[in-house]
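Peer 1: Guided by the hints, dock chains B, C and D onto chain A, whose structure is given.
Residue numbers (the numbering used here), protein chains in the order written: chain A, 1 to 146; chain B, 1 to 146; chain C, 1 to 146; chain D, 1 to 146.
No wet-lab data here; the hints were simulated from the structure.
Incorrect hints may have been included.
[As the list claims (entries may be wrong)] Heads up, simulated DSS-like pairs for lysine-lysine below, C-alpha to C-alpha not over 27 Å straight-line: (1) A:108 <-> C:105; (2) A:126 <-> A:105; (3) C:139 <-> D:126; (4) A:139 <-> C:105; (5) C:139 <-> A:105; (6) D:108 <-> A:105; (7) B:139 <-> D:139; (8) A:105 <-> C:108; (9) D:108 <-> B:139; (10) B:105 <-> B:126; (11) B:126 <-> C:108; (12) B:105 <-> D:108; (13) C:126 <-> B:108; (14) D:126 <-> A:105; (15) D:108 <-> A:126; (16) C:139 <-> A:108; (17) B:105 <-> C:108; (18) B:108 <-> B:139.
Predicted, not measured: the structure shown is a model, and the values here were computed from it.
Number of protein chains: 4
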Amino acid sequence: MNEDTIAARMREIFDCAPFVRWLGMEVLGAGEGWCETLLLPREELRQQNGFLHAGVVSTMADHTAGASAGTVLPPGISPLTAEYKINLLRPALGDRFRCRADVLKPGKTLVIAESSVYAITGDTEKLIAKALVTLAAVKVDLLPPA
Amino acid sequence: MNEDTIAARMREIFDCAPFVRWLGMEVLGAGEGWCETLLLPREELRQQNGFLHAGVVSTMADHTAGASAGTVLPPGISPLTAEYKINLLRPALGDRFRCRADVLKPGKTLVIAESSVYAITGDTEKLIAKALVTLAAVKVDLLPPA
Amino acid sequence: MNEDTIAARMREIFDCAPFVRWLGMEVLGAGEGWCETLLLPREELRQQNGFLHAGVVSTMADHTAGASAGTVLPPGISPLTAEYKINLLRPALGDRFRCRADVLKPGKTLVIAESSVYAITGDTEKLIAKALVTLAAVKVDLLPPA
Amino acid sequence: MNEDTIAARMREIFDCAPFVRWLGMEVLGAGEGWCETLLLPREELRQQNGFLHAGVVSTMADHTAGASAGTVLPPGISPLTAEYKINLLRPALGDRFRCRADVLKPGKTLVIAESSVYAITGDTEKLIAKALVTLAAVKVDLLPPA
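Next comes chain A alone, as it looks inside the complex (with noise of 0.2 Å):
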C-alpha cells in the first residue's frame, strides 16, 4: 500500500466516524502495519476521580488499532472490531495521550492488532494502558448504509 492509499485510508476511518471526530482524534502518523493518533484531554472526556474516561482510553486503543489494520487491507476491504482487551495500567492523567497500535498478524479474513496508549506531561511520557485488538475484515457493502 503507497503513501497515497493510506493517506486516503485514515482519512476514511478518523473523518468519517462522528464519535472520533467528537474526541478529537487525530492522527500523527501511519505506515504498513501501524499508526499512530494523538488526542488532547477537556472536561467531558473525564471520569468523576479527573482520570480521562476508561471508554475514552479504549475508543483510542480500538480505533487506532482499526486504522492499522486498514493499513494491510485490500482496497473495499475495512476492519470492525470483533473483541479487544484492555489493561488500564496507570492514572490517564497528562497534557495529552498517544496511542500506538501495530499488526500483529495481517490476515483475509482476521487481522490482530496491539495497542499502547502513553500519557504524555511535560517530558515524560508514561504507558497507561495496553490492548489486545481482533478486527474482522469486512466488506464494504456487507456494511449497513451510514
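Peer 2: Chains B, C and D only, in chain A's frame:
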C-alpha cells in the same frame, strides 16, 4: 447495602462522571450486585458505518460493571476498572441500548463483573456485546483530586 | 444438526485431541449451541498451591467452547480458537470440575461462546472461572495434516 | 532482587508446580521484570489437528507471566493469575516453543505482564501467540496447603 445507600452510590458513579453525563447514560435500576443502564443513540456517538461506536458500547459495558461493583463495596471504597474484554457480537444499531451488569465475584481487593449490552428496535431486543470486567477496590482518598 | 451428527462432532472434537484425552475431559452432554464437560482432578494437573492449574481450567473453558461452536457449524467446517479471555474467580479446588459452554453468536466466519467452570465438592457447586471465546470457522482441508 | 533470590523464586514457581513439570516447561532465563521459558512438543500436548493445544500455549503464556511477576514481588508474596487474554495468531507447529514475559506494571496488589509465545523450526522463529495477564499479589499463608 440498603436502597438509599445504593441510590447515593449511583448518583456518585453516574452524575459526577462528565463523560458518562455527556454520553447520556441513565440508570434504569440497581440492587446488590447488579445495575442496569440505558443509552439513546445520536449522531456524535456513531462509527463511520452508522453503528454506535465500539468505544461507546464499551463505555456502557465498563461503567455499568463499575456501578454493579459499587453496590458490593463498603462506603469510602470505589471501583476502578483494572481491565476488561468485550466481544462486539452484532451491529450496534437500534432505537435505544440497554446494559445489564452483574457481579460474578465480590472481593476486598478485586470485584469481577460481566456486562451484556442489548440493542432495542421496537419490541425486539438483541444481545450486541458481552464483556468481562475486573475492578480494583480503591480507597477514595487514594484517587487524585477531581 | 441432529443428535447423531452432534454425537459424531463430539467424538471428533474430544477423542481425537491427545491433550484433552490425557487431561481426562469427558462430555456430559451437548446440543445445538451448547456443550458440558467434566474433569476429575489429579496430582499432575495441579499448581504449586494445590489448585487445579489455571492452564487446565483454561483448557476446559476453551475446548468446551470449541465443542459448543462445533454444534452450530456445518460438516467439513471446524472451530479453531482465535482468542479467549478467562477470569479465575475462586480457588480451583474440588472433587470434580464441570464446564458449561454456550454459543452467544453463531456465524459463518466467527463463532463467539462463553464458558463457565464450576468446582464441585460434595453437594456444593461454585463458579470458579468465566471465559469469553472467539472461534474461527475453518475448512477442515485448510488444517495441517494430523 | 538479586540473582540468587530470582533463582530461588524460579525454582519455587517451576519445580513445585506438578502440571508445569509434566508439560516439561524449562526456564531459559529470568531477571527483574522478565522471564523466558522453553517447551518441547510431544504427542500428548497436541490438538486433533496436530497443533500444540491452545491450552498448552496458554499455560506457557500464563505461567511465564506469573514467573516474571514473581521477580518484582517481595519474599512471602506470590503471584496468582486473576485473569488473562490470549490471541492465538498462527499455527502452533514447531520443533520447540519459546515464551518471553515482561512486566508492564508492577504493583503491591496487582502486577500486569505480557507474554509472547514463539514457534521455532530450524532457524526460523514465528510469533504464534500474545497474551495480557493480570496477577494478584497474594500472601503465601493465604494460599491453601499444597
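Peer 1: Next step is simple, just say for each hint if it's right about the structure.
Peer 2: Going through the hints against the structure:
1. A:108 <-> C:105: Holds. Residue 108 of chain A to residue 105 of chain C sits at ~21 Å (cutoff 27 Å).
2. A:126 <-> A:105: holds, 26 Å
3. C:139 <-> D:126: holds, 23 Å
4. A:139 <-> C:105: Distance ~20 Å between residue 139 of chain A and residue 105 of chain C Cα, so the pair holds.
5. C:139 <-> A:105: At roughly 20 Å apart (the allowed maximum being 27 Å), residue 105 of chain A and residue 139 of chain C satisfy the hint.
6. D:108 <-> A:105: violated, 34 Å
7. B:139 <-> D:139: holds, 20 Å
8. A:105 <-> C:108: holds, 21 Å
9. D:108 <-> B:139: holds, 14 Å
10. B:105 <-> B:126: holds, 26 Å
11. B:126 <-> C:108: holds, 19 Å
12. B:105 <-> D:108: This hinted pair holds, its Cα atoms lying about 21 Å apart.
13. C:126 <-> B:108: holds, 19 Å
14. D:126 <-> A:105: This hinted pair holds, its Cα atoms lying about 11 Å apart.
15. D:108 <-> A:126: Holds, at roughly 19 Å.
16. C:139 <-> A:108: holds, 14 Å
17. B:105 <-> C:108: Violated, because 34 Å separates the two Cα atoms, which is more than 27 Å.
18. B:108 <-> B:139: holds, 11 Å
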